[in-house]
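Novice: Its first residue numbered 20, the sequence shown is counted upward by one per residue in this note's numbering.
In case anyone wonders, no lab produced these hints; they're calculated from the structure. Hints may contain errors.
Cut-off 25 Å, straight-line C-alpha distance, at most; resulting in silico cross-link-like pairs (SDA-like, lysine to any residue) [said to hold, decoys possible]: (1) K68 x G57; (2) K60 x D78; (3) K68 x D78; (4) K76 x G57; (5) K68 x V58; (6) K60 x M32; (7) K60 x C71; (8) K68 x Y83.
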Amino acid sequence: MKKYLFSTLLLMMTLCLGFTGCSDDDDNNPTESNPLVGVWKYSFGNPNKDYCLITFKADNTGNYF
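Could you put together the complete structure from these sequences and hints?
Specialist: Okay, structure coming up:
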């Protein structure tokens, strides 16, 4: 009897944890954002001396200065 009760409780706990972990996290309005778009400053080890600017644009082009 104890073995049956333990098995039932274990099954119920597993089901409760499994179903609460599976929720609908999908966004209905996905936004396409590119974190690389913008102007980036690349310094060669010392930020106070030589550096270059790299620009990434949304149309997948860029510039290197």
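Novice: None of the hints should be skipped; say for each whether it holds.
Specialist: Checked hints:
1. For the proposed pair K68 and G57, the alpha carbon gap of about 22 Å is at most 25 Å, so the pair holds.
2. A C-alpha spacing of about 20 Å is found between K60 and D78, which places the hinted pair at or below 25 Å, so the restraint holds.
3. Simply put, K68 and D78 have alpha-carbon atoms about 31 Å apart, too far for the 25 Å limit, and the pair is violated.
4. Straight-line distance between C-alpha atoms of K76 and G57 comes to about 6 Å, which keeps the hinted pair within the 25 Å bound.
5. About 18 Å separates the Cα atoms of K68 and V58, which keeps this hinted pair within 25 Å; it holds.
6. Only pairs whose Cα atoms come within 25 Å are accepted, and K60 paired with M32 is rejected, the gap being roughly 52 Å.
7. For the hint pairing K60 with C71, the CA-to-CA distance comes to about 6 Å; that is within 25 Å, so the pair holds.
8. As the CA atoms of K68 and Y83 are separated by approximately 17 Å, the hinted pair is consistent with the 25 Å bound.
The structure fails to meet hints 3 and 6 from the earlier list, while all remaining hints are met.
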